[in-house]
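**Student:** So you can see what is in the structure, the chains are spelled out below.
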Amino acid sequence: AQTIHQWPVAEIKAVGSPLSLGCTIKGKSSPNLYWYWQATGGTLQQLFYSITVGQVESVVQLNLSASRPKDDQFILSTEKLLLSHSGFYLCAWTGGFQNTLYFGAGTRLSVL
Amino acid sequence: QQQVRQSPQSLTVWEGETAILNCSYEDSTFNYFPWYQQFPGEGPALLISIRSVSDKKEDGRFTIFFNKREKKLSLHITDSQPGDSATYFCAASGTGNTGKLIFGLGTTLQVQP
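First to last, the protein sequences are chains H and L. Numbering-wise, the numbering used here puts 35 at position 35 of the first sequence, and it's gapless, one number per residue. Numbering-wise, the numbering used here puts 104 at position 104 of the second sequence, and it's gapless, one number per residue.
Among the hints, erroneous ones may be present.
Here are the computed lysine-lysine pairs in the DSSO-like style, where the Cα-Cα straight-line distance is at most 27 Å [said to hold, decoys possible]:
1) L:71 - L:100
2) L:72 - H:28
3) L:72 - L:57
4) H:26 - L:100
5) H:70 - H:28
6) L:68 - L:57
7) L:56 - L:68
8) L:72 - L:100
9) L:71 - H:70
Please keep in mind that the hints were generated in silico from the structure rather than gathered at the bench.
Sequences are here, hints too, so could you generate the full structure?
**Tutor:** Dropping the structure here:
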């Protein structure tokens, strides 16, 4: 069975500090990977997607970047956090373009 | 503008009642419609989905009714339980591409015992 693990579970960071969030998929080779952002009480906004190692496409510009260093790993980062970055970050995966989208448990980020 | 609209924003029903959550969409090319259930502090989980070739999909107490002509669908939760209290997101995509799902703003359901 496939499992998706996100880390950390929660972060409290200062404005202007760097950030790195991670996601690992086990049990599925070559998944399509996605980063979503959810404001408190809000909808799900796709940020990035990757269909293969080393290739990442940006969907919205939020002063964030993403990388896929390994087949099973997806990283979200920024060098300088803004207050507007606060929210719930979700990693997701599919087995293909017409397969179910599965979400991880998320990382709660508070920027102060 | 919001391509996928949900109503109501919040809904309260008594245990045992049927909860009806509504969804409408703009893009006539959308052909795949999943509903996700999200509990506080957790990631969303797929609850049930339907493709535009069908007008109804049932899974236990959860049923999707789909009206292609009116570009509307609804999720019916029969015999609602307190454990169903969650936020429900309707989503849509064209060509069944689950990587390009457009999510609605969600309906928060509260089931009172």
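**Student:** Find the hints from earlier in the document that the structure breaks and name them by number, from lowest to highest.
**Tutor:** Structure breaks hints 2, 9.
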